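Novice: Since chain A is already given, all that's left is putting chain B on it; use the hints.
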Amino acid sequence: MPSVTQDKNPKIGAGILSGPVDRDLPDWFREQQGAAWKKFESIPRPTRKDQPWRFSNVDLLNVESFNVPGPLSDDDRKNILKYSIGLDQVAGRMIFANDQLVERTIVSDDLKKRGVIFQPLERAMVEHADLFRKYFMSTEATLGSAKFAALHQAMVSNGTFLFIPRGIEIEQPIEIFHWLRHDNMSIFPHLLLVTDELAKVTVVEHFRSCDRSAPGFACGVNDLIAGPGAKITYVCAQEWSANTVALQMNSTAVDHDASALSLNLNLGARYARFEGLSRLIGEGGRSDMLAVAVATNEQEFDSRTLQDHISARTASDLLYKNALDDKARCTFGGLIRVEPHAHFTDAYQKVRNLLLSDDAEANSMPGLEILADNVRCTHGATSGQINEDEMFYLHSRGIPTKVAQRLIVGGFLNEVIQRLDNEPIGAHLNQLIDRKFAGN
Amino acid sequence: MKPQTKAVDIDRNIGDFHYEMAYAKDAGHGLSEKTIHFISDVKEDPDWVREYRLRGLKTFLEKPLPTHWASKDLETIDFDKIRYYLAQGGGTKRTWEEVPEDIKRTFERLGIPEQERKFLAGVEAQFDSEAVYSNIKKAVGEQGVIFVGSTEGLKNHPEIFRKWFGKVIPIGDNKFSALNSAVFSGGSFIYVPPGVKVKHPLQAYFRINAESFGQFERTLIIADEGSEVTYMEGCTAPKFETATLHSAVVELVALKGAKIQYITVQNWSSNVFNLVTKRGLAHEDAEIKWIDCNIGSRLTMKYPGVVLKGRKSRGEVLSIALANNGQHQDTGAKMIHAADETTSNIISKSISIGTGRATYRGLVHVPKHLKNCKNNTECDALLINATSRTDTYPAITVRGTGNAVQHEASVSQVSAEQIFYMQQRGLTEAQAMSLSVNGFVNDLVRQFPMEYSVELKRLIELEMEGSVG
Numbered sequence: 390m391p392s393v394t395q396d397k398n399p400k401i402g403a404g405i406l407s408g409p410v411d412r413d414l415p416d417w418f419r420e421q422q423g424a425a426w427k428k429f430e431s432i433p434r435p436t437r438k439d440q441p442w443r444f445s446n447v448d449l450l451n452v453e454s455f456n457v458p459g460p461l462s463d464d465d466r467k468n469i470l471k472y473s474i475g476l477d478q479v480a481g482r483m484i485f486a487n488d489q490l491v492e493r494t495i496v497s498d499d500l501k502k503r504g505v506i507f508q509p510l511e512r513a514m515v516e517h518a519d520l521f522r523k524y525f526m527s528t529e530a531t532l533g534s535a536k537f538a539a540l541h542q543a544m545v546s547n548g549t550f551l552f553i554p555r556g557i558e559i560e561q562p563i564e565i566f567h568w569l570r571h572d573n574m575s576i577f578p579h580l581l582l583v584t585d586e587l588a589k590v591t592v593v594e595h596f597r598s599c600d601r602s603a604p605g606f607a608c609g610v611n612d613l614i615a616g617p618g619a620k621i622t623y624v625c626a627q628e629w630s631a632n633t634v635a636l637q638m639n640s641t642a643v644d645h646d647a648s649a650l651s652l653n654l655n656l657g658a659r660y661a662r663f664e665g666l667s668r669l670i671g672e673g674g675r676s677d678m679l680a681v682a683v684a685t686n687e688q689e690f691d692s693r694t695l696q697d698h699i700s701a702r703t704a705s706d707l708l709y710k711n712a713l714d715d716k717a718r719c720t721f722g723g724l725i726r727v728e729p730h731a732h733f734t735d736a737y738q739k740v741r742n743l744l745l746s747d748d749a750e751a752n753s754m755p756g757l758e759i760l761a762d763n764v765r766c767t768h769g770a771t772s773g774q775i776n777e778d779e780m781f782y783l784h785s786r787g788i789p790t791k792v793a794q795r796l797i798v799g800g801f802l803n804e805v806i807q808r809l810d811n812e813p814i815g816a817h818l819n820q821l822i823d824r825k826f827a828g829n
Numbered sequence: 049m050k051p052q053t054k055a056v057d058i059d060r061n062i063g064d065f066h067y068e069m070a071y072a073k074d075a076g077h078g079l080s081e082k083t084i085h086f087i088s089d090v091k092e093d094p095d096w097v098r099e100y101r102l103r104g105l106k107t108f109l110e111k112p113l114p115t116h117w118a119s120k121d122l123e124t125i126d127f128d129k130i131r132y133y134l135a136q137g138g139g140t141k142r143t144w145e146e147v148p149e150d151i152k153r154t155f156e157r158l159g160i161p162e163q164e165r166k167f168l169a170g171v172e173a174q175f176d177s178e179a180v181y182s183n184i185k186k187a188v189g190e191q192g193v194i195f196v197g198s199t200e201g202l203k204n205h206p207e208i209f210r211k212w213f214g215k216v217i218p219i220g221d222n223k224f225s226a227l228n229s230a231v232f233s234g235g236s237f238i239y240v241p242p243g244v245k246v247k248h249p250l251q252a253y254f255r256i257n258a259e260s261f262g263q264f265e266r267t268l269i270i271a272d273e274g275s276e277v278t279y280m281e282g283c284t285a286p287k288f289e290t291a292t293l294h295s296a297v298v299e300l301v302a303l304k305g306a307k308i309q310y311i312t313v314q315n316w317s318s319n320v321f322n323l324v325t326k327r328g329l330a331h332e333d334a335e336i337k338w339i340d341c342n343i344g345s346r347l348t349m350k351y352p353g354v355v356l357k358g359r360k361s362r363g364e365v366l367s368i369a370l371a372n373n374g375q376h377q378d379t380g381a382k383m384i385h386a387a388d389e390t391t392s393n394i395i396s397k398s399i400s401i402g403t404g405r406a407t408y409r410g411l412v413h414v415p416k417h418l419k420n421c422k423n424n425t426e427c428d429a430l431l432i433n434a435t436s437r438t439d440t441y442p443a444i445t446v447r448g449t450g451n452a453v454q455h456e457a458s459v460s461q462v463s464a465e466q467i468f469y470m471q472q473r474g475l476t477e478a479q480a481m482s483l484s485v486n487g488f489v490n491d492l493v494r495q496f497p498m499e500y501s502v503e504l505k506r507l508i509e510l511e512m513e514g515s516v517g
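Line order of the protein sequences matches chains A and B. Once you know that position 290 of the first sequence is 679 in my numbering, the rest is easy, because the numbers rise by one and skip nothing. Once you know that position 45 of the second sequence is 93 in my numbering, the rest is easy, because the numbers rise by one and skip nothing.
So that you can see chain B by itself, here it is in the shape it has in the complex:
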């Protein structure tokens, strides 16, 4: 397993570089109907997509920032200074050799082709607005699995794409889903045919390279009856002086008996606003599991959700957030129970270091006349320094007598006794602290695929450096 560990090593320093690029397609700064038409023209959108984008823009402009509950830091985003579309042109490449040299250099530094060779069933890489590289292993392709960029998905597979696109997350869900609906570009489209179990994970990389850029990828994953798929995404950006915006929309549809596992390791640089809407729709007997790790970014607001629409469907969110100096990780989960015998589980662990702030925000909704629905929520927070901050804001609604919901949260710090014990065994205080923190998240990390759990542990060690003493 060791070489794989190396391959996914995307610590913050490795991501912190950028190249001067000559962009062939540039929508310029600011957002107006013109921007939308520019994007639609470049992408040769069908009319319904163009209209959809315009509706998105209208909704985005109408909706106020959610600062009545969310961080006031959102007000520092200057939507007029952001560049909404940047691409090199030339379409998505199928083989690594075809990818332009400079982009290739970026992704080679991140270890993309290497990983693909090692164990991934398919990989897609997005550079600013567009997918630059997309490949899927032959064996999986032959099973009928579709794994392409969202642009290609809506062009070549409209019959599946259009049926589910925007159905799980409507335009008006929130201000940022509206923004994404207006200017979306890139992201993945995956379709897994009935009964197909994709053995290896499909993977996507998201990279922001340009300053003041906004990345708005749109991902749609459909797992047909009885199928199974795991999708992993990683993201990096260089550290620019100005704020960068990442606002994705991810929709998952698990049809009867299907299983989707969606894993994110978010390691944006600390100038990125990461405002993402993620939701899955679980049909009868289906299972959707979000594994969400937030380590980077300046402000992350992300609450992956599952709408439990079919009987006996299951939803799960495992969330790890690490907030270091100047960071605010505002993460959580939403579980909407909409059928009998649905179960959901939320486990969230956060670590606040230095002046970092970790927030858990959750929503659990069990409406009337449902029977035997169950939810379990656990949130644990660990505070490392005296200036660290953590918040928990759950909202739980239960109607009727047939259901059980429990929520529990705790806040603690690393026990001095533990540190003392390790120190007298010869570990430095920093090593002891790092070990303690890894122990705190260990039972969650263990549930991750091997490659990611090792990477995550490394990232935590890196973040812990210099946090004590």
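Excised from the complex, chain A in its bound form:
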């Protein structure tokens, strides 16, 4: 069990705006938390007039009412274990609820024997302090959420540290669950993944709430570091409760000849903002950024991305697809940036919105900033509705409207999921999408 002095701490159970909780963590870490808290307080709240927050419903970012969770009961732990069902076959698994470790299992021999580190943060920061400090929160949040990245750093108490040594290839995915339990709780999920040369790994994260309507706040940071020639696949299935406000700041660094592929499935939350930064720092690096969203009711998904080509001869490919129903809103703000001298860049960016209702709204801001001349950069954005011919075809086969709609939307989104080229994970994601359509 984590050696956290939670029972005696006065800030446990208090609002998150009362500041960092005094936990039993290393001094350097707590100092950083104090500094991050000051930073959080000094940065003003974003307004819609700030370019990175254009179209975003910033009023929902009032975090005042959310609290620091107290210890979980044994019943909670038991139930969370029971419902943490994801993939059938995994190499290892960690389950967190309210930022407390519920379970850690290691199945794969690779993980056990060959120097792979798969630890909760609180242990990693002590046992592997040098490695951990080198990479922990090392990338600045530049896509608008500097304030919330600071909040995360001030409040983070747990998460996953995964290090894959040189040449190790882990075939089965590693699975991580983050649960929100009880009303008005806040969590700060963290993933730090470092791969050494030629290592290969797949990580699947599940973000879930125990209660489908409980208000909650999740503010997560992921750092994925792909060493030379390494290959990272990262998948996140976001299913927060319908009243959760979520912010997620992910950054990926891709070294030479490495490749990183990420796929974010957005199904839950009242408001979910995702910031994805991909930095291509070595020649021959490649980054694929994929996302799928099904937005219903008053849901709002706000995605901001940056494909930053720092080194020459790098490639990036972004594909975001949103299906919007009811009064849902989706905003996409993406930028391909080709730094000076990053010649022979090949960058692509595409966002497609499928509007299923008259009240749905899609905002697209696909951007390019090109500072080198020998490049190939293209982007596209489309917004449209279901093709009437396709609908007619399905009707004529006796398929009712709702089902036909579901089929067409499923096909539309499946194009992104197929890019994963991983049958079990793809099937799992499609299952989650179907479940959302079915309304449960």
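Please keep in mind that the hints were generated in silico from the structure rather than gathered at the bench. Please note: incorrect hints may appear among the correct ones.
[Claimed, not checked] Partner residues aside, some chain B positions facing chain A, computed with beta carbon under 10 Å:
| # | residue |
| --- | --- |
| 1 | Trp117 |
| 2 | Ser119 |
| 3 | Ile432 |
| 4 | Ala434 |
| 5 | Ala457 |
[Stated by the list, open to error] Calculated cross-link-like contacts (lysine-lysine; reagent style BS3-like; alpha-carbon spacing at most 30 Å):
| # | chain 1 | residue 1 | chain 2 | residue 2 |
| --- | --- | --- | --- | --- |
| 6 | B | Lys223 | B | Lys73 |
| 7 | B | Lys73 | A | Lys438 |
| 8 | A | Lys438 | B | Lys416 |
| 9 | B | Lys416 | A | Lys739 |
| 10 | A | Lys716 | B | Lys416 |
| 11 | B | Lys419 | A | Lys716 |
| 12 | B | Lys120 | B | Lys73 |
| 13 | B | Lys141 | B | Lys106 |
| 14 | B | Lys185 | B | Lys141 |
| 15 | B | Lys106 | B | Lys73 |
| 16 | A | Lys428 | A | Lys536 |
| 17 | A | Lys438 | B | Lys215 |
| 18 | A | Lys427 | A | Lys438 |
| 19 | B | Lys357 | B | Lys307 |
| 20 | A | Lys791 | A | Lys536 |
| 21 | B | Lys82 | A | Lys438 |
| 22 | B | Lys416 | A | Lys825 |
| 23 | A | Lys716 | B | Lys141 |
| 24 | B | Lys223 | A | Lys438 |
| 25 | A | Lys502 | A | Lys523 |
| 26 | A | Lys716 | B | Lys307 |
| 27 | A | Lys427 | B | Lys120 |
| 28 | A | Lys438 | B | Lys111 |
Computed from a predicted structure; not experimentally measured. C-beta atoms are modelled at their ideal positions from N, C-alpha and C, and glycine is treated no differently.
Specialist: Quick look at chain B alone, frame taken from chain A:
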């Protein structure tokens, strides 16, 4: 067609000269309420215009510079050093002979009367703050077409002028439209009566002659039901050491079934800040088309827009920008769909040479419960040198299920194979490059009136000189 080509040859060198002028009316440097009263007194503005100007000034002072999204270069404009009104006095002349000698010399160098004789239906020339020469061919005048300076428009045709003035672009639209509302002077007022199709283009020339001067022309074009008109503007200024400001407001109103085509060839010298607000209002079945070429200036910020207010109205922006060393062409388009079955099309091509930076910024808005609206946006950028830069920042909002919007952009460089092919046919690298670039913009340029397409090709050739090797 050849002589006409010659006539519109306003390459940068031809524009780079200025005369020492003794200005009869000079509002001095800096901007305050006094400046406004000075301008209003000189122009004998009616009270409502004076009040409008004062409101403009207030809004201008209140609004911050839009540097949270726009270039920080804007901060280098010193609004206290700019001269807001300069005129020779004596009103607008109807015949070329009446125009004062020194001003005449300037415009003769630019080829104005020559062009008028050749093919234009009317021409207006603005020197610093005021229109110095305005004429409209008799035949067009007899059809009831009004083509005068904005000052004359608001004095002699208040019933039409006041109805639409400031309605398409309100004072508070942005900081620079507010500035223009405060100190506007010159520009054109055009009214085309119902059903009249003006065969030849109407043309205006804008010339900045004085150092540290700000030109704030205001143009209002109203095409009544079923009418058609094409308007062309060209602009030049000498190369001064200090920054010069050009901040125009152009409003177009196309009533039911009318067509307006507005063509700009902007070739300001490289010390000019060109911050212009242009917007058209298209009623039912009307069509507004902006053809916008930006070649000169230090920083241009211009996003011609169309508000598609009436059913089945159409809006189009064709934009070519060429950014050479030290230039930033921040151009684009806005399409606001506000009725069913409205369509809009944006095609933008930019070329960045040397350290030049070309930016496309676009806005497409399709609100709720509209049916069968369509937008198509294409932006292509060409980069010539390793230090060249290009950006694309579109913003697209779509609500509802009845509409289709697509946006596409690409960035590329001139293909080495193309250059090689041309070189082995005996062309120099520079010639080959120039040919490639002209090929890149050709499908757009072809849509321009002949005279302008030839001029534009020449300008591109000139800009390309010395960009390779």
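Novice: Take the C-alpha atoms of B/Lys416 and A/Lys739, compute the straight-line distance between them, and say whether it is at most 30 Å.
Specialist: holds (24 Å)
Novice: Does B/Ser119 meet its interface restraint, that is, does its C-beta lie within less than 10 Å of any C-beta in chain A?
Specialist: Interface hint status for B/Ser119: violated (13 Å vs cutoff 10 Å).
Novice: Holds or violated: A/Lys716 with B/Lys141, Cα cutoff 30 Å?
Specialist: violated (60 Å)
Novice: Can the restraint linking A/Lys438 and B/Lys416 be considered satisfied, given a maximum Cα separation of 30 Å?
Specialist: This hinted pair holds, its Cα atoms lying about 22 Å apart.
Novice: Please verify whether A/Lys427 and A/Lys438 have alpha carbons no more than 30 Å apart.
Specialist: holds (24 Å)
Novice: Is it true that the CA of A/Lys438 sits at most 30 Å from the CA of B/Lys215?
Specialist: holds (25 Å)
Novice: Taken at face value, is the distance from the CA of B/Lys73 to the CA of B/Lys223 at most 30 Å?
Specialist: Between B/Lys223 and B/Lys73 the Cα gap is close to 26 Å, so the pair holds against 30 Å.
Novice: Run the distance test for A/Lys427 versus B/Lys120: straight-line Cα separation, threshold 30 Å.
Specialist: holds (29 Å)
Novice: Please verify whether B/Lys223 and A/Lys438 have alpha carbons no more than 30 Å apart.
Specialist: Holds, at roughly 15 Å.
Novice: For the restraint on B/Ala434, tell me whether the closest CB of chain A is nearer than 10 Å.
Specialist: holds (5 Å)
Novice: Taking only the CA atoms, is the gap from B/Lys106 to B/Lys73 under or equal to 30 Å?
Specialist: With Cα atoms ~24 Å apart, B/Lys106 and B/Lys73 stay inside 30 Å; holds.
Novice: Can the restraint linking A/Lys438 and B/Lys111 be considered satisfied, given a maximum Cα separation of 30 Å?
Specialist: Holds, at about 13 Å.
Consistency with the previously given hints fails for numbers 2, 7, 12, 13, 20, 21, 23, 26, ordered from lowest to highest.
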